[in-house]
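Take these sequences, add in the hints, and give me the full structure.
Here's the letter readout for the chains.
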Amino acid sequence: MDERWSWYRQMVRIRRFEERCVELYSATKIRGFLHLYIGEEAVAAGVMSRLRPDDAVVATYRDHGHAIAKGVSMRAVMAEMFGKVDGCSRGRGGSMHLFDVAHGLYGGNAIVGGGLPIAAGLAWADRRLGRDRVTACFFGEGAVAEGEFHETLNLASLWKLPVLFCCENNLYAMGTEIAHEQADLDLTVKASGYALPAWSVDGMDVEAVAAATERALASIRAGGGPVFLELKTFRFRAHSMYDPDRYRTSAEIEHWKERDPLLVLEERLRADAAAGDDVDARFAEVAAEVDAEVDDAVAFADAAELEPVEELTRWVHADDSSVPRQEVVR
Amino acid sequence: MDERWSWYRQMVRIRRFEERCVELYSATKIRGFLHLYIGEEAVAAGVMSRLRPDDAVVATYRDHGHAIAKGVSMRAVMAEMFGKVDGCSRGRGGSMHLFDVAHGLYGGNAIVGGGLPIAAGLAWADRRLGRDRVTACFFGEGAVAEGEFHETLNLASLWKLPVLFCCENNLYAMGTEIAHEQADLDLTVKASGYALPAWSVDGMDVEAVAAATERALASIRAGGGPVFLELKTFRFRAHSMYDPDRYRTSAEIEHWKERDPLLVLEERLRADAAAGDDVDARFAEVAAEVDAEVDDAVAFADAAELEPVEELTRWVHADDSSVPRQEVVR
Amino acid sequence: MTKTTYREALREGLREALAGDDRVVLLGEDVGAYGGSFAVSLGLLEQFGPDRVVDTPLSESAFVGAAIGAAMGGIRPIVEIMTVNFSLLALDQIVNNAATYLHMSGGQIHVPVVIRMTTGAGRQLAAQHSHSFEGIYAHIPGLRVVAPATLEDARGMLATALADPDPVVIFEHAALLPMAGDLADDAGAVDLDRAAVRREGTDVTLVSYGARLHTCLEAAEALAADGVSAEVVDLRTLRPLDLPTILASVARTHRAVVVDEAWRTGGIGAEVAAAICEHTFWDLDAPVARVATLEVPIPYAIHLEAAALPQAADVVAAARAVVA
Amino acid sequence: MTKTTYREALREGLREALAGDDRVVLLGEDVGAYGGSFAVSLGLLEQFGPDRVVDTPLSESAFVGAAIGAAMGGIRPIVEIMTVNFSLLALDQIVNNAATYLHMSGGQIHVPVVIRMTTGAGRQLAAQHSHSFEGIYAHIPGLRVVAPATLEDARGMLATALADPDPVVIFEHAALLPMAGDLADDAGAVDLDRAAVRREGTDVTLVSYGARLHTCLEAAEALAADGVSAEVVDLRTLRPLDLPTILASVARTHRAVVVDEAWRTGGIGAEVAAAICEHTFWDLDAPVARVATLEVPIPYAIHLEAAALPQAADVVAAARAVVA
Ligand SMILES: Cc1ncc(C[n+]2csc(CCOP(=O)(O)OP(=O)(O)O)c2C)c(N)n1
Ligand SMILES: Cc1ncc(C[n+]2csc(CCOP(=O)(O)OP(=O)(O)O)c2C)c(N)n1
Ligand SMILES: [Mg+2]
Ligand SMILES: [Mg+2]
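Protein chains in written order, with the numbering used here: chain A, 8 to 337; chain B, 8 to 337; chain C, 11 to 334; chain D, 11 to 334.
Since the hints were made in silico from the structure, they are not lab data. Treat each hint with caution, since some may be false.
Below are the BS3-like pairs computed for lysine-lysine, each with C-alpha atoms no more than 30 Å apart in a straight line [stated by the list, open to error]:
1) K167(A) to K239(B)
2) K239(B) to K167(B)
3) K36(A) to K264(A)
4) K264(A) to K239(A)
5) K167(A) to K264(A)
6) K167(B) to K239(A)
Here it is as structure tokens:
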């Protein structure tokens, strides 16, 4: 199963990248809010493995995993978090706003629920322009309580838009557990109220995620309209680097760590191994390769330039707008 | 069945009142937007007949029926629409904003969906203050698409608030038929996604409405949390006096008129009648009494005073606020 | 020349836009079967079909957001919000997404969406249907905000807005819809960059936009009878302000009255007044006066509504005080 | 005197409010188990329990609307919106309901709700977490809008806001949360009606509020070294503006610089500048200057964010130009 190795590599890339981010945050190379995806890697890796390169993705502030799995280079992501002009958003967005349209990444949105209408709109444009493309929209279970969730699922279903709604249910919205957030804990019941297919998936199992995505995409591409996936997962780290994580017990976290998506996959890879295969050596090889990639990204970000301050007022309006650019000097 | 007669009178009161409003609108005594409830009277009459006088109501711009059935005097409602200071909102609100807190009417809200969070809040305050009160919140099926519907039903269900959600499904939101508004036409399915009881009721049958309300109130008062009622009804008139009603066929309207809630009830009253009872005479008697009441309301409204312009800046802030009142003269 | 109305001029602008470019779509609540809540889009569904003239559910945030996303995706949506009052429900999408994506993405994401809405009072619709929140939009970098006050602009601003690479918000004043007049047969796109001097004068500049332009023109007439020559400037574009045109006028007249229908505190009038003072301070012979709506929620009763809104008499009084 | 911080002062204000009146509740996203997104309400859930310190779902419109309804129903909710950026999602409830019900109902419905939110930039949170939309709120009749810039005000404004019969919006500046200093042991309610002169001076008045007050104080220090004596006025209340205090200062100094963190066009600074010009025109020796945030979405990169925000050096430069 070669694909297992490719998923594994992808997930290790996200994990190691973020572990490095933690260090770099402490070293104040990265600032602002930093939301880690550690523990949830199987979701991005699984979904993206079934999207086509030109399919679109709308993500949230917790978007490193999506960017990396969608093909954005680690260099561009790391430089972004360093606030450098070579970052994927020229250092203007930071961790929460990774954009790379060339790779189909229509940004991390930091307003909870704010990306959902955007995803519906992208999909609507695709249909009108006859582009055979699906937009995958990621959001947390906390976002399900927002009005935008409701309005967008209804609209997308009514208009049969090619959107894959990916709800990353990690059981907490910052410090609020899902039981304080949702009247009905089964999110697929709610999603079904919009007359669309809604399935619950083990988000710690990359293969289950990929399989569900494949089924959903087939239905969407066949014109069946949007599909809702609830991806049951857990974040191993605090909500953001600011969060002391007072609201969860270590027992709960440890319990979920037993289902670490990397462990789950490592076990399968071990089981796959033919007698004599040195799986551990391959794990170490992947780790070394990924570490080299992360090192390279950090070196690149470190060496990259800052955007000149004169450029600050560029792209408030398009370059070809008649609106005059402001001078930066006040 | 004395109550049948009392429902009947209530519905006739609303019907005749509004028929007079149409004339008065043409005569430019009433201005602004005027949304008629004609055809939907069984809903307000049925629900209100089971509410207690001190229960609270939050209504929409289509609120004459609710005000009258909740006990607000026709005089106060008519004077409001005439823009007079003796109106229930001192002429400041007009048809869309009837307020009468003494009768538990917390206003017609003219932002579609805007009243739902308010109703939840009233109910929350009641619970915190230990007041045994239910808040009935009315809105159309169009409002079900708004984010406020979703957010409020979730919140009310989570917090088990004493709210009766009354969705007046008249199949159209202005000119938009429900099939263009809702991905799933069965609104109780959607409402059930919030883990609350949700029933569909024949909104043309006042007794069915009253019975469902009674059952719902029992559950709410017992601490069971909110209940959602879908009241299937139809408006016989255009959306508002501005609306040429281009989007419905007369066949559809005629079809629904066969189930005119007044006709439905008249038939039962005829069936109730003992031999020798002159039911028609009683109908005529009700009509005459109601017409007299409407005449009186019109005369009252006509004779009433306008609010002095000097008062215009009163109640921007409370009378005991330290914020100075503005002068009216600019 | 053809006799037409502001409403029809808006409609012809929409018709032309839909006819001229397949990527253009019109969406919003009741733009289709109903014909538009103010009958602006009447007949367009019949002409262009339900794929181009799209009735949306009552979901301001989602359908405005979807229009923003669709613009990002390469089509040219014209999205109608019935009134600016309801637009508060979509404000997050407009401010946090439409206005920021281009800058925040480092120039990658263009959002050529056109957002139309009615604004204004004067029809006894009371406190949830009568307010003038254009100032909120004019505060937001990344947006272009315009307000047609004439038939030409009602007819022509849409085409220019659609050609603009960035989000444009168009405020149509509901009380102007029945305004009738003549329009050139070849009327079409108009620029969005410049304010317009609608009447020349020498003693005082009246600065306004939308329905209150006509209040100012009425006031100027009354002032003329009195020997005061008022110049009337129509802002046309509320963001960015065309300061050169405004300041040139004030440099000539040395006096200004700013008139708008928003509440005075923090309305567009505040910005215009502040900018005039900032730039032409030494040319001014009197402080800039403001005439605005009284700071109350607009009431239903006609005499109260009228008292709340800026009337020609108020403008005349303010202008007289300024030239005194 | 006790050593404390702005954050702790806010917390003590909340604690006192909850302890003093059973009708008071605190609600919002993560005010409870998490301790408040900025740790302001840390420990209050433990002290007052989940009926008084209430975690809400992510539903800004519904929980702010519910707080408004609850205030109508007789309890005294303090509702926290994490940041003003997200408050756009609740703006309809605040503007169309909280601010209008009393007037529109003819005096029947009182809405004594307190709405707290953080505002401001300076922490590299980029374009969806850093904006200063206070001006939108200050435009709305029916609201009272305040912004504590000092420990005393952080500690005391809440009590006064709760005692107010009308809706009050409190803007807490996120960058001030760690600000440390001494607070009187008996610190408590402060008035909400008056602006405060935070430093006296004779040559120029610097008008500001929130975090930018401290920028002005820093600038005043630098100016003093240069022989320019700057008076610094802290607005404190953004609606209604305390014009008498502002105007009295400008009448003394004859020059003013208005400093705020919103975008210049149509921000609160515009209103303050316009009002000063209107009322003290003949006393002014120079046009009122404005120092504001550059009109861009706030970027993440630290050098760009710093360049976008008004800094003490900008205030100094503006003040020098005004007194020149
Ligand atoms: C509209 C809005 N409200 C609040 C916030 C603050 N906030 C950021 S993330 C978050 C929790 C979101 O939880 P969830 O949707 O479950 O996503 P997760 O962080 O768990 O991935 C909150 C409350 C915000 N960014 N936007
Ligand atoms: C937020 C908002 N959007 C749009 C409108 C304009 N509008 C008023 S009533 C209405 C239709 C509402 O339909 P429904 O909820 O079904 O109630 P009905 O009028 O049928 O009773 C619309 C679109 C509004 N008042 N508020
Ligand atoms: Mg979550
Ligand atoms: Mg309806």
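Status of each hint after checking the structure:
1. Our distance criterion of 30 Å between C-alpha atoms is met by K167(A) and K239(B), whose separation comes to about 27 Å.
2. For the suggested pair K239(B) and K167(B), the alpha carbons sit about 25 Å apart, so the restraint of at most 30 Å is met.
3. Between K36(A) and K264(A) the alpha-carbon distance is near 28 Å, which keeps this suggested pair within the 30 Å criterion.
4. Of the pairs offered as hints, the one joining K264(A) and K239(A) holds, with about 13 Å between alpha carbons and a cut-off of 30 Å not exceeded.
5. For the proposed pair K167(A) and K264(A), the alpha carbon gap of about 38 Å is over 30 Å, so the pair is violated.
6. As the CA atoms of K167(B) and K239(A) are separated by approximately 27 Å, the hinted pair is consistent with the 30 Å bound.
Going through the hint list in order, the structure does not satisfy hint 5, though it satisfies all others.
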